[in-house]
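Assemble chain B onto chain A, guided by the hints.
In order, the protein sequences belong to chains A and B. When you line the first sequence up against full-length UniProt numbering, it's residues 1 to 365, in that order. When you line the second sequence up against full-length UniProt numbering, it's residues 1 to 365, in that order.
It is worth saying that the hints were derived from the structure and are not from the lab. Each hint can be trusted.
Given that identical chains are not distinguished, each listed pair holds provided it fits within a single copy or across any two copies.
In silico BS3-like links for lysine-lysine, alpha-carbon gap of 30 Å or less:
| # | residue 1 | residue 2 |
| --- | --- | --- |
| 1 | 305 | 233 |
| 2 | 298 | 31 |
| 3 | 298 | 311 |
| 4 | 301 | 330 |
| 5 | 28 | 131 |
| 6 | 330 | 203 |
| 7 | 242 | 188 |
| 8 | 31 | 301 |
| 9 | 298 | 28 |
| 10 | 284 | 188 |
| 11 | 198 | 258 |
| 12 | 131 | 301 |
| 13 | 198 | 330 |
| 14 | 298 | 330 |
| 15 | 311 | 284 |
| 16 | 31 | 233 |
| 17 | 330 | 28 |
| 18 | 330 | 31 |
Okay, here's what each chain looks like letter by letter:
There are 2 protein chains.
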Amino acid sequence: MPTLHVGLVGYGLVGQELVGQMCAAAPKLEKEIGVRIEIAAVSRSRTMALLPAGTASLTEWPKSQEEEADLKKLGQHVVDLAAASGGRALIVDNTASDTPAELYEAWLLAGADVATPNKRAGSGPMSRYEKIMEASRQTGARFLYEATVGAGLPVVGPLQALLRAGDEVDTVEGIFSGTLSYIFNTWKPGVKFSDVVKEAKDKGFTEPDPRDDLGGTDVQRKVTILAREIGLKIELDDVPVKSLVPEKLQTWEAPADKKLGDAFVEELAAYDDEMDALLEEAEKANEVLRFVGSVDVKSGKASVKLGRYPKDHPFASTQFADNICAVSSKWYTPRPLVVQGPGAGAAVTAAGVFSNIMEVMNGMR
Amino acid sequence: MPTLHVGLVGYGLVGQELVGQMCAAAPKLEKEIGVRIEIAAVSRSRTMALLPAGTASLTEWPKSQEEEADLKKLGQHVVDLAAASGGRALIVDNTASDTPAELYEAWLLAGADVATPNKRAGSGPMSRYEKIMEASRQTGARFLYEATVGAGLPVVGPLQALLRAGDEVDTVEGIFSGTLSYIFNTWKPGVKFSDVVKEAKDKGFTEPDPRDDLGGTDVQRKVTILAREIGLKIELDDVPVKSLVPEKLQTWEAPADKKLGDAFVEELAAYDDEMDALLEEAEKANEVLRFVGSVDVKSGKASVKLGRYPKDHPFASTQFADNICAVSSKWYTPRPLVVQGPGAGAAVTAAGVFSNIMEVMNGMR
Chain A
1 MPTLHVGLVG
11 YGLVGQELVG
21 QMCAAAPKLE
31 KEIGVRIEIA
41 AVSRSRTMAL
51 LPAGTASLTE
61 WPKSQEEEAD
71 LKKLGQHVVD
81 LAAASGGRAL
91 IVDNTASDTP
101 AELYEAWLLA
111 GADVATPNKR
121 AGSGPMSRYE
131 KIMEASRQTG
141 ARFLYEATVG
151 AGLPVVGPLQ
161 ALLRAGDEVD
171 TVEGIFSGTL
181 SYIFNTWKPG
191 VKFSDVVKEA
201 KDKGFTEPDP
211 RDDLGGTDVQ
221 RKVTILAREI
231 GLKIELDDVP
241 VKSLVPEKLQ
251 TWEAPADKKL
261 GDAFVEELAA
271 YDDEMDALLE
281 EAEKANEVLR
291 FVGSVDVKSG
301 KASVKLGRYP
311 KDHPFASTQF
321 ADNICAVSSK
331 WYTPRPLVVQ
341 GPGAGAAVTA
351 AGVFSNIMEV
361 MNGMR
Chain B
1 MPTLHVGLVG
11 YGLVGQELVG
21 QMCAAAPKLE
31 KEIGVRIEIA
41 AVSRSRTMAL
51 LPAGTASLTE
61 WPKSQEEEAD
71 LKKLGQHVVD
81 LAAASGGRAL
91 IVDNTASDTP
101 AELYEAWLLA
111 GADVATPNKR
121 AGSGPMSRYE
131 KIMEASRQTG
141 ARFLYEATVG
151 AGLPVVGPLQ
161 ALLRAGDEVD
171 TVEGIFSGTL
181 SYIFNTWKPG
191 VKFSDVVKEA
201 KDKGFTEPDP
211 RDDLGGTDVQ
221 RKVTILAREI
231 GLKIELDDVP
241 VKSLVPEKLQ
251 TWEAPADKKL
261 GDAFVEELAA
271 YDDEMDALLE
281 EAEKANEVLR
291 FVGSVDVKSG
301 KASVKLGRYP
311 KDHPFASTQF
321 ADNICAVSSK
331 WYTPRPLVVQ
341 GPGAGAAVTA
351 AGVFSNIMEV
361 MNGMR
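This is chain A alone, in the form it adopts within the complex (with noise of 0.2 Å):
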């Protein structure tokens, strides 16, 4: 039977969940396919675990077998596996950082396919992703990231499918954020803006640091991945991102003795009443508030700001901390094709993962 061996960077929830997927769809898989799928090595922040052949599942850190992380040994520990039992190759990287996505070309080239939600190689500079793409070109091992954009929402393969169809986008435009959609699903006419970001924070939607969802760097990653999907060959930079972050605030530290959060939502609410003002003005003109960032395929430009739409906009029907993308195409005209549901949260950005992995498993059978 065929196996694909697997090569894990970054054991914290993402990992860890998309282990347990793994490890329980194992024996369907085989039977219902015909492919094994075994766990060749896992890696944390220091350490890491290359794992002998035949290891079919991990409950635990495996401890016995900790060695210091080098990833690039980790990369060949994976390829070597593959090549002993004639399957293939993936190293998953399910971490935030730009050292695992500095590997990609090499995994690629050696024959390694590579999946991951990290954002850092779709976003990051032009010239390491344009070579990312041409090892996979070259080679044929895949580069998958479904779960880059809207966790496991459907986003990125089908609008590669579209475009490979022959299909021209005009734009894409959505809500990328869960943590921002929470915010301005909840804020209703009335309501202190900073008593919102507070309630998104308490409930642990925020990051430790709101400024790192209020500033919507995040989404301004989403929205370069999805321009360069569809063609546009532009670096994070040039995607203009109107910050939710008042300008005094975004140097402002919090004072030694208080938690960085809570001082920091003290701090917002004496910026209120300017975003009380505008949305009273989205309430009087019977619009919703929304934190959206979108791709122009004729005017080749990319932006992230606070927009105003239409309460029957599928964008105003978006509850709780959805995520929605609606992609406007020669086919999908006069309504666009739209996705829409919770786009975080470890699981559902596991079973994106899980998606493409699926994807290679489908191609060795």
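Okay, now just chain B, sitting in the frame of chain A:
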């Protein structure tokens, strides 16, 4: 370079569109993924043409090579070409007929993949469906049918990926008829139901006999396909359908001197008061009427009927002829995964089939 040899059964709107998409995409695919695509055979209702190896494109029906249609012979030709080149065989059924579906099992057993927008296998006898699935498991040849539900919208594939990753689906429900979607999106209080049906008919959105749409059989087929996808062993007849055709008109025949469609909407006018009352009741409750197919995993039941939905429900936000499908699951909670957009038409249906062809090609490199 590995070659995919494609035999096309059915050369109507979708078949011709697909040939166009394939031929236009072929040079780019050769360069980008290193796989060649060739047209091995085409058939229409009574005739077929078996084409020689190396047929890279087809701009019109190959009249000079025409012979009497024989789908078994066609399948063998495609499989033979693939064996000779060391490539892969794929048969695409673009018909809506049972005849090719009867051969899927044999084609899969011979090692050919089968891709189709034809709903007959997925919603036909369970015994045939199981044989098809078993043949695919045995040989590793793939049975692919993304375009059977929602045309090009990514519905079947994402659902399969989610289930394989280990998610547990609670319900799948949606609006799966572009025609009925248009009718219920257009129909407003004060407008007669029969006038809306007439408008849809005049715009060419309905079948020549509008009862084929209003009866709900097409939706019943799609719901059966989705129900089987999530593990229910049900037959088409196990899915109750609340037809929108009044009982007396179900067996009614048009007078010989009148066009069926025109005569039917005239007859339908007698039932307008009944229908209008339904709409007014819904409107009073701030709800809309939608013709919805649904599968409930817990009860093991599926149904197709007119339902009422609050105006802030995703189904209420459909416009024009949108299809929409919502999947609620252990992971997709509290909000479902929703896919929405045009779910009918030759271009997007062919694109749905093309996405399946791309899966096969990606596995060949």
